[in-house]
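Same order as they appear, the protein sequences are chains A and B.
Residues in the first sequence are numbered from 1251 upward in steps of one, following the working numbering.
Residues in the second sequence are numbered from 177 upward in steps of one, following the working numbering.
Bear in mind the hints are in silico, worked out from the structure with no lab data behind them.
For glycine and all other residues, C-beta sits at the position ideal for the given N, C-alpha and C.
Treat each hint with caution, since some may be false.
Derived Cβ-Cβ restraints for the label pairs, each shown as a range [to be verified]:
#1 A/1267 / B/215: 28 to 34 angstroms
#2 B/253 / A/1262: 37 to 43 angstroms
#3 B/187 / A/1288: 30 to 36 angstroms
#4 B/185 / A/1345: 15 to 21 angstroms
#5 B/288 / A/1280: 42 to 48 angstroms
#6 A/1268 / B/247: 29 to 35 angstroms
#7 B/187 / A/1272: 32 to 38 angstroms
#8 A/1280 / B/256: 37 to 43 angstroms
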Amino acid sequence: DAGITQSPRHKVTETGTPVTLRCHQTENHRYMYWYRQDPGHGLRLIHYSYGVKDTDKGEVSDGYSVSRSKTEDFLLTLESATSSQTSVYFCATEGDEQYFGPGTRLTVT
Amino acid sequence: AQSVSQHNHHVILSEAASLELGCNYSYGGTVNLFWYVQYPGQHLQLLLKYFSGDPLVKGIKGFEAEFIKSKFSFNLRKPSVQWSDTAEYFCAVTYNNNDMRFGAGTRLTVKP
């Protein structure tokens, strides 16, 4: 366990509202990742970060933005949530392997 | 685009049966290979990984996987499953340090 926490763990929001999910790690890992998990798709990479203020897009980045102002925190923002963004979101960090957080279940109604 | 295929979507076995879950990837270059397990309601945990060396990799909980480069495969095996192995299993491949692609997952149900 790499000391990864995610907040909130569950959220229900309405279409069009902004949402920010937080990932916090205590291991001082340089790389951090945001994935979404959907049935039949496994996990798909949204964005990742390779250092403070250094981020890049993943496979399914449209509609999402990220920020990393501190090593320990990686924020995922949905500027205007849509129903297609209903999913379970996992944060991960990378030491000698990828370690995953507990997940955030987001429902957009 | 690089992709990872897991051909079995749902596998149902009785306890003590042998397990083999298939995983194939599409990239012909250097890859690192992983199997993760996700127990109901929990996050992903690493079962085993292959970076180089012996293509037969042993992981936790009695799982092993074999990397066959010529077949682009990394199948997961366990000789005798237990009810507690009921979970979803994900194969993953990194094509460089920053791009991990996951298969769609295989749900394993073990009947007691």
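Notebook entry, point to check: Which earlier hints turn out false for this structure, listed by number in ascending order?
Noted result: Going through the list in order, the structure violates hints 3, 4 and 6 and respects the others.
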